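So the sequence lines, in the order shown, correspond to chains A and B. Mapping the first sequence onto this note's numbering, position 83 (from 1) lands on 83, and the numbers just tick up by one. Mapping the second sequence onto this note's numbering, position 110 (from 1) lands on 110, and the numbers just tick up by one.
A portion of the hints provided could be inaccurate.
The list makes no distinction among identical chains, and a pair is therefore deemed to hold if it is satisfied within one copy or across any two copies.
Result set (DSS-like, lysine-lysine): computed pairs, CA atoms no more than 27 Å apart in a straight line [claimed, not checked]:
1) 397 / 263
2) 397 / 303
3) 303 / 263
If you are wondering where the hints come from, they were derived from the structure by calculation, not from laboratory data. If you're wondering where the values come from, they're calculated on a predicted model, not measured in any experiment.
One-letter residues, chain by chain:
Protein chains: 2
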Amino acid sequence: MAMTPLDSLLTCLRFPSVSTDSAHAEDVRACAQWLAGFLRDSGLNTTVHPTPGHPIVVARNTHRPGRPTVLLYGHYDVQPADPLDLWLTPPFEPRIENGIIFARGATDNKGQLMAHANGLRQTMAADGDLPVNLIALFEGEEEIGSPNLGPFLAAHRHDLACDVVAISDTGMVAAGVPTFTYGLRGITCCEVELTGPALDLHSGIFGGSVANPATELARLIAQLHDAHGRIMIDGFYDQVRPLASWEREAWSTLPLNDQAILKLTGSPALFGEAGYSSVERTWARPTAEVNGLGGGYQGEGSKTVLPSRAFAKFSFRLVPDQNPAVLLPQIEAWLQARTPATVTLTVRSGHSGQPYAMDPHSRHGQAAQAALRTTFDGREPALIREGGSIPIVQSFKDILGADTLLLGLALPDCQAHAPNENFPIANFEAGQRLNRHLLQELARV
Amino acid sequence: MAMTPLDSLLTCLRFPSVSTDSAHAEDVRACAQWLAGFLRDSGLNTTVHPTPGHPIVVARNTHRPGRPTVLLYGHYDVQPADPLDLWLTPPFEPRIENGIIFARGATDNKGQLMAHANGLRQTMAADGDLPVNLIALFEGEEEIGSPNLGPFLAAHRHDLACDVVAISDTGMVAAGVPTFTYGLRGITCCEVELTGPALDLHSGIFGGSVANPATELARLIAQLHDAHGRIMIDGFYDQVRPLASWEREAWSTLPLNDQAILKLTGSPALFGEAGYSSVERTWARPTAEVNGLGGGYQGEGSKTVLPSRAFAKFSFRLVPDQNPAVLLPQIEAWLQARTPATVTLTVRSGHSGQPYAMDPHSRHGQAAQAALRTTFDGREPALIREGGSIPIVQSFKDILGADTLLLGLALPDCQAHAPNENFPIANFEAGQRLNRHLLQELARV
Numbered sequence: 001m002a003m004t005p006l007d008s009l010l011t012c013l014r015f016p017s018v019s020t021d022s023a024h025a026e027d028v029r030a031c032a033q034w035l036a037g038f039l040r041d042s043g044l045n046t047t048v049h050p051t052p053g054h055p056i057v058v059a060r061n062t063h064r065p066g067r068p069t070v071l072l073y074g075h076y077d078v079q080p081a082d083p084l085d086l087w088l089t090p091p092f093e094p095r096i097e098n099g100i101i102f103a104r105g106a107t108d109n110k111g112q113l114m115a116h117a118n119g120l121r122q123t124m125a126a127d128g129d130l131p132v133n134l135i136a137l138f139e140g141e142e143e144i145g146s147p148n149l150g151p152f153l154a155a156h157r158h159d160l161a162c163d164v165v166a167i168s169d170t171g172m173v174a175a176g177v178p179t180f181t182y183g184l185r186g187i188t189c190c191e192v193e194l195t196g197p198a199l200d201l202h203s204g205i206f207g208g209s210v211a212n213p214a215t216e217l218a219r220l221i222a223q224l225h226d227a228h229g230r231i232m233i234d235g236f237y238d239q240v241r242p243l244a245s246w247e248r249e250a251w252s253t254l255p256l257n258d259q260a261i262l263k264l265t266g267s268p269a270l271f272g273e274a275g276y277s278s279v280e281r282t283w284a285r286p287t288a289e290v291n292g293l294g295g296g297y298q299g300e301g302s303k304t305v306l307p308s309r310a311f312a313k314f315s316f317r318l319v320p321d322q323n324p325a326v327l328l329p330q331i332e333a334w335l336q337a338r339t340p341a342t343v344t345l346t347v348r349s350g351h352s353g354q355p356y357a358m359d360p361h362s363r364h365g366q367a368a369q370a371a372l373r374t375t376f377d378g379r380e381p382a383l384i385r386e387g388g389s390i391p392i393v394q395s396f397k398d399i400l401g402a403d404t405l406l407l408g409l410a411l412p413d414c415q416a417h418a419p420n421e422n423f424p425i426a427n428f429e430a431g432q433r434l435n436r437h438l439l440q441e442l443a444r445v
Numbered sequence: 001m002a003m004t005p006l007d008s009l010l011t012c013l014r015f016p017s018v019s020t021d022s023a024h025a026e027d028v029r030a031c032a033q034w035l036a037g038f039l040r041d042s043g044l045n046t047t048v049h050p051t052p053g054h055p056i057v058v059a060r061n062t063h064r065p066g067r068p069t070v071l072l073y074g075h076y077d078v079q080p081a082d083p084l085d086l087w088l089t090p091p092f093e094p095r096i097e098n099g100i101i102f103a104r105g106a107t108d109n110k111g112q113l114m115a116h117a118n119g120l121r122q123t124m125a126a127d128g129d130l131p132v133n134l135i136a137l138f139e140g141e142e143e144i145g146s147p148n149l150g151p152f153l154a155a156h157r158h159d160l161a162c163d164v165v166a167i168s169d170t171g172m173v174a175a176g177v178p179t180f181t182y183g184l185r186g187i188t189c190c191e192v193e194l195t196g197p198a199l200d201l202h203s204g205i206f207g208g209s210v211a212n213p214a215t216e217l218a219r220l221i222a223q224l225h226d227a228h229g230r231i232m233i234d235g236f237y238d239q240v241r242p243l244a245s246w247e248r249e250a251w252s253t254l255p256l257n258d259q260a261i262l263k264l265t266g267s268p269a270l271f272g273e274a275g276y277s278s279v280e281r282t283w284a285r286p287t288a289e290v291n292g293l294g295g296g297y298q299g300e301g302s303k304t305v306l307p308s309r310a311f312a313k314f315s316f317r318l319v320p321d322q323n324p325a326v327l328l329p330q331i332e333a334w335l336q337a338r339t340p341a342t343v344t345l346t347v348r349s350g351h352s353g354q355p356y357a358m359d360p361h362s363r364h365g366q367a368a369q370a371a372l373r374t375t376f377d378g379r380e381p382a383l384i385r386e387g388g389s390i391p392i393v394q395s396f397k398d399i400l401g402a403d404t405l406l407l408g409l410a411l412p413d414c415q416a417h418a419p420n421e422n423f424p425i426a427n428f429e430a431g432q433r434l435n436r437h438l439l440q441e442l443a444r445v
């Protein structure tokens, strides 16, 4: 096997393993098979598990009592590549330019997954074993919400029992800055619909005498926040864990400032809850966000209707120790109490996910940081949370009872989910080193 | 010619003269030709004028000095018939059941137009002339906004000079109640867009630190009205002509109550500007209405984006003596003043139309009411305004300098623009009588 680590990544990237598109089901399966072959050739005991959707690849070394068990998670499926015309070169024909690999999946998640897989291969080749009991679990449905992962974990909870989970699928605060993520926001979604008249009405004939559901919806949304960005739903902040002073201090030194966010977003000016920095607002404070708004005439020009209905799709990002199951009824009651008699409110609950936090000063957390420090030439890791949600982390916690170490290698400008996704070869190499150091550190916990 | 008036209407209804659909252009032309033949056979000097769109039919008697000139307007084009599957019988094969004619155009406007045309024919047959100088002007583009009528009026302003215009294309407050409409609301439309970030953002990564254009739009819309339904735009009511006490008194006795509006609209409860009845709100008070609302994710389920933009399509119904040209800049300035720095406001003006009012106690108004009284067995006509806009009325005022008498024969449940449009034979016969009485009354003014 004269395949270099880079060759193995490029091969992996050439599979158009788009999980959401049934036309690519065979490509997803082929990628799983190829990945299993790579792990098997590395000396790991590897199985491809079929699921009702795409397969789950599980690889393990020989497990021995008396040493910790680490579950390493990754996903070999990718987002669709469209809009294709915005790619400078074809998304599934990896191109390297100035040390950067361009391809769909380069960062999310094949680049990070193959860095770990190559790390495992190198340790196996050098030592004939790994320093811990390892379970590598690579799924093919992360980009469609991992519908079969939870049932798989539940069905194999004894085989998959572990002390800790490690994932490289999050971000670094900047190139060269090792980053340890110890918290994530949760989420709860709902769709709110206000119905007024039975049909769209002629706004000339009836306008003025009948309440307009679009206007009433706007009046509801306008009450969600006060002028200082604070959410006005009764009890919404009751379970919010205050930021620790060490967090605020640590985050204030990060190379993430408002200027960078303005540039990344193209927003004319930033705005958020008074009393918090932008980083604090996105990592440690909850939100009430309108994801979609609709009602009445949407086409070109005008159509003078008084719409029968209007809707808003809301998502609420939650922070420890908020609980979607507690909040959703509070949100619904608050909306109901503010809905006038002229319209009818319907609330449809959507998906939810618990917020996540682990103690970065725990033994596992310290081991992860030590590995990051060694990998990045002694540089102190940034301790961060992230604003998004990673539902699988909660599944690992709920089903396997294990905390997850989030050791991301994605750069802010990696273009994950977007055209011209990319991953530096330097990060790919750092990931291989990280895998070896991480298993060494965890072996000592 | 053994064709009865009803035969002539049924023949006219069989032309699928759908003006908006170019596949029907030949049907529209054929209807114009047939109508011209009917008028010519009635003894009127008739011309079919081509336009860049559909033809305009003009018919006149011999004009003599010393008697008033009346322009009678109607339109022979119709709305599309779809959704076809909701029609009980084919829309262009008129069916008569219990004295009611069902067909597309039965009420709007062929039934009313052919009532007048038959009235003219009967008077010409009986007397060899009409009591006034008559110009019948029947267009084929009313349902697409009369794009060629204004230029035609302007080009023929001397030929079309008249003392007054008469139109039967409005409603009766109830079956058997003669109705004279002396006022219409105007309109001005605009589309408002708020842009925040350059692209839709991940609501987990950025939510909390960047203003949401959908939320900001809702906050703007929520400020449009106070809790009592009054519009909060500075100066919005400055030019509003107060309701006369005779109007409020007359309208309070009409058979139009809130229960009827609730039933017609299916709205859970009525709402409007405090201090006014529903009829007053729709006929004599201005509105600020959201006709359409959009932004972010519109599909099924949820997509957790922080949308880049959100829009609202507004229409403002205006009353005498409000002026769109004055109000639109006021509206835009008001919106601009309330738009936070976190988003960018764009306002695109749409179409506008002046509100219309004539004095129902003028000589022409009294003549029209006398004709209605005679037509409907001495019953006193209801004096009403309508909430909609009829832009051609303004064109007649602006270009020909003439007021318009609106003598509608449409019933509230006529289903104009909808499936199973219908017109009672009794109203068709009343329209024929109305034509004769109206010309007699106007001859005496």
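The hints, checked one at a time:
Proximity of residue 397 to residue 263 under the C-alpha cut-off of 27 Å is found in neither arrangement, the shortest distances being 36 Å within a copy and 55 Å between copies. For a Cα distance limit of 27 Å, the shortest separation of residue 397 from residue 303 across copies, 25 Å, qualifies, whereas the shortest one inside one copy, 52 Å, does not. Taking the closest pair of Cα atoms, residue 303 and residue 263 come within 27 Å of each other only across two copies (23 Å); inside a single copy the shortest separation is 37 Å, beyond that limit.
Hint 1 from the list above is the single one not met by this structure.
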